[in-house]
Amino acid sequence: MRITEHPILDFARGKKIKFTYNGQELEGFEGETIAAALHANGVRTMRESIHLHRPRGLFCNIGNCSSCLMIVNGKPNVRVCVEKLQEGMIVMTQKGKGELKC
Amino acid sequence: MLACEICVIGGGPAGLTAALHAASLGASAVIIDRNDYLGGQLIKQTHRFFGSKEQKASERGISISRELSLAVEKEKNIKVLTAATALGYYKDGVVTVEKDERFLKIKPQKIIVATGGAEKTLPFPNNDLPGVYGAGAVQTLVNVYGVKPGRRVLMVGAGNIGVIVSYQLLQAGMEVAGIVEAAPRIGAYWVHAAKVVRAGVPIYTRHTIKGAWGKKEVEGATIVELDEQWKPIPGTEKDFAVDVICLSVGLNPLTEILWQAGCAMKYVPELSGYVPLRNEYLETSVPGIYVAGDAGGIEEASAAMMEGALAGLNAARALGYSAPDFNSRRANILRELESLRSGPVGEKIRKGLEKVTLTERREMRSGLSNLSLLTSNF
Ligand SMILES: Cc1cc2nc3c(=O)[nH]c(=O)nc-3n(C[C@H](O)[C@H](O)[C@H](O)COP(=O)(O)OP(=O)(O)OC[C@H]3O[C@@H](n4cnc5c(N)ncnc54)[C@H](O)[C@@H]3O)c2cc1C
Ligand code: FES
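If you read the sequences in order, they're chains Z and C.
Heads up: the first sequence is residues 1 to 102, going by the numbering used here.
Heads up: the second sequence is residues 1001 to 1378, going by the numbering used here.
Honestly, the hints are just simulated from the structure, not real lab data.
Ideal Cβ placement from N, Cα and C applies to all residues, glycine included.
Certain hints may be false.
Said to hold, decoys possible - Calculated lysine to aspartate or glutamate pairs in the DMTMM-like style (CA-CA distance at most 25 Å, straight line):
# : chain 1 : residue 1 : chain 2 : residue 2
1 : Z       : Lys101    : C       : Glu1175
2 : Z       : Lys101    : C       : Asp1100
3 : C       : Lys1351   : C       : Asp1325
As the list claims (entries may be wrong) - From the derived model, a few chain Z residues whose C-beta atoms are all more than 10 Å from chain C:
#  : residue
4  : Glu5
5  : Lys16
6  : Tyr21
7  : Asn22
8  : Glu25
9  : Glu32
10 : Arg54
11 : Gly57
12 : Ser67
13 : Gly74
14 : Glu87
15 : Lys97
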């Protein structure tokens, strides 16, 4: 959910861009993190835990805790709380540890 | 390999001030920060700061961070690497950094570690569900990106951060169902608490969170009252339908790089975790590595800036730079730090610092041998 009115802050949002989340097309703004764009679209679950397969979301939002790892453009273990959104990004829920395909 | 005089790890208030002060004496510095902006925690502080005018009180943190970042950009002796994470420190004095998927090596003559702190979590059932956030994490979403993570929040912790963030969530149009505090009294300054109370937010002192519930994400939370021994009183549970739980139960200093460098560390509850021993120049037990700000003990922004200034001046001085007014500048900073930490508010910090500030190198070495058992596990 985006904030439209705020008593102190103005949000200077960048250009509107498109990306996909698990195949579904969504919109975000240039300059924001992938996590912010997903939250704006109501998506709060980022990955599945490795052993118990429990849903995991954002915790620290500063790139410190690794709770928010997702697969971005085929690359696993991307911390979406610090990675900026880009036009056409393919963002997927990560299950397990992730595999690097070379 | 990039050679430089001073490498400042962390571009929050401590790191920025450190670089500016070092540069003011003529030294050159490289600032590394993993965010793609400078300012650290200050970037999301929209409230007016407490403290004295000299320490920029009554200004909003967000404007302080803008001022510092601008000053840093104008300073030709400072190079800034943002979106760059310091990964490690090696025996030969090399700091490794990841930037744009590239691995960089920096060989500085002096290092100032100003990495700040990270929010703590709390053990309770379902604390891993999406919807449970650090309070600062939600503050970043709301104040930096203008995105709300949900509609209705339960805040856990009524210290300054918990209360301030609660108020900012109200400003952003979210509902705050309540603030839970385990202690019998709130820790926040009354000016901030009065605002949320006026807005109708209940504060439950002597209560804690018993658990979160929800199938895939947070749908609610249960709180419970605590007795004099801090034990839950059965039958006093209250349920809240909330989709966000914010934890504001303190921060831990971020000290990985200091551990890795072999700095003598000590657990000091008053400073919120393991912190490095340091001398009055803020130099750790590893010569040439300095610490400043929350990384050396969780305090607040004004103290972080003063410590940054001190570490910056001292590191530059150790490289041979100086100025005619060097001594008076340093004495001023020390006086300001002392006044910041005076009185009952500063008591905890004073007690903590007493345990880690050593006046002689010799003392530091003996501290080191006492702690060698501990560090050798790492
Ligand atoms: C909600 C809230 C309200 C607050 N209100 C007040 C107030 O009213 N008054 C006040 O004085 N203080 C306040 N504070 C405290 C203040 O924000 C902090 O004490 C201050 O920001 C600490 O400064 P710092 O430079 O030590 O660390 P930080 O501001 O945390 O900066 C550390 C920086 O280091 C970077 N970093 C960490 N690790 C690495 C790495 N490995 N590689 C590269 N970069 C790294 C981080 O990205 C960050 O930018 C508040 C804090 C919060 C969270
Ligand atoms: S939420 Fe902690 S690393 Fe992204």
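Taking only the CA atoms, is the gap from Lys1351/C to Asp1325/C under or equal to 25 Å? 31 Å, violated
Taking the minimum C-beta separation from Lys16/Z to chain C, is that value above 10 Å? 14 Å, holds
Minimum Cβ-Cβ distance from Glu5/Z to chain C exceeds 10 Å: For Glu5/Z, whose nearest Cβ neighbour in chain C is about 8 Å away, the distance does not exceed 10 Å, so it is violated.
Compute the least Cβ-Cβ separation between Tyr21/Z and chain C, then decide whether it is above 10 Å. 14 Å, holds
Say whether it holds or is violated: Glu32/Z keeps its Cβ farther than 10 Å from all Cβ of chain C. 5 Å, violated
Assertion that Ser67/Z lies farther than 10 Å from chain C (Cβ): 8 Å, violated
Please check whether the beta-carbon of Lys97/Z is more than 10 Å away from every beta-carbon in chain C. 17 Å, holds
Holds or violated: Lys101/Z to Glu1175/C, with C-alpha atoms at most 25 Å apart: 44 Å, violated
Could you let me know if the closest chain C CB is still more than 10 Å away from the CB of Glu25/Z? 19 Å, holds
Interface exclusion of Gly57/Z relative to chain C, criterion Cβ beyond 10 Å: 3 Å, violated
So if I understand the rule, the pair passes when the alpha-carbon distance is 25 Å or less; does Lys101/Z with Asp1100/C pass? Roughly 19 Å between the alpha carbons, so the hint for Lys101/Z and Asp1100/C holds.
Taking 10 Å as the cut and beta carbons as the points, is Arg54/Z off the interface with chain C? Given that some Cβ of chain C is not farther than 10 Å from that of Arg54/Z, nearest at about 6 Å, it is violated.
Violated hints, listed in ascending order, are 1, 3, 4, 9, 10, 11, 12; each of the other numbered hints is respected by the structure.
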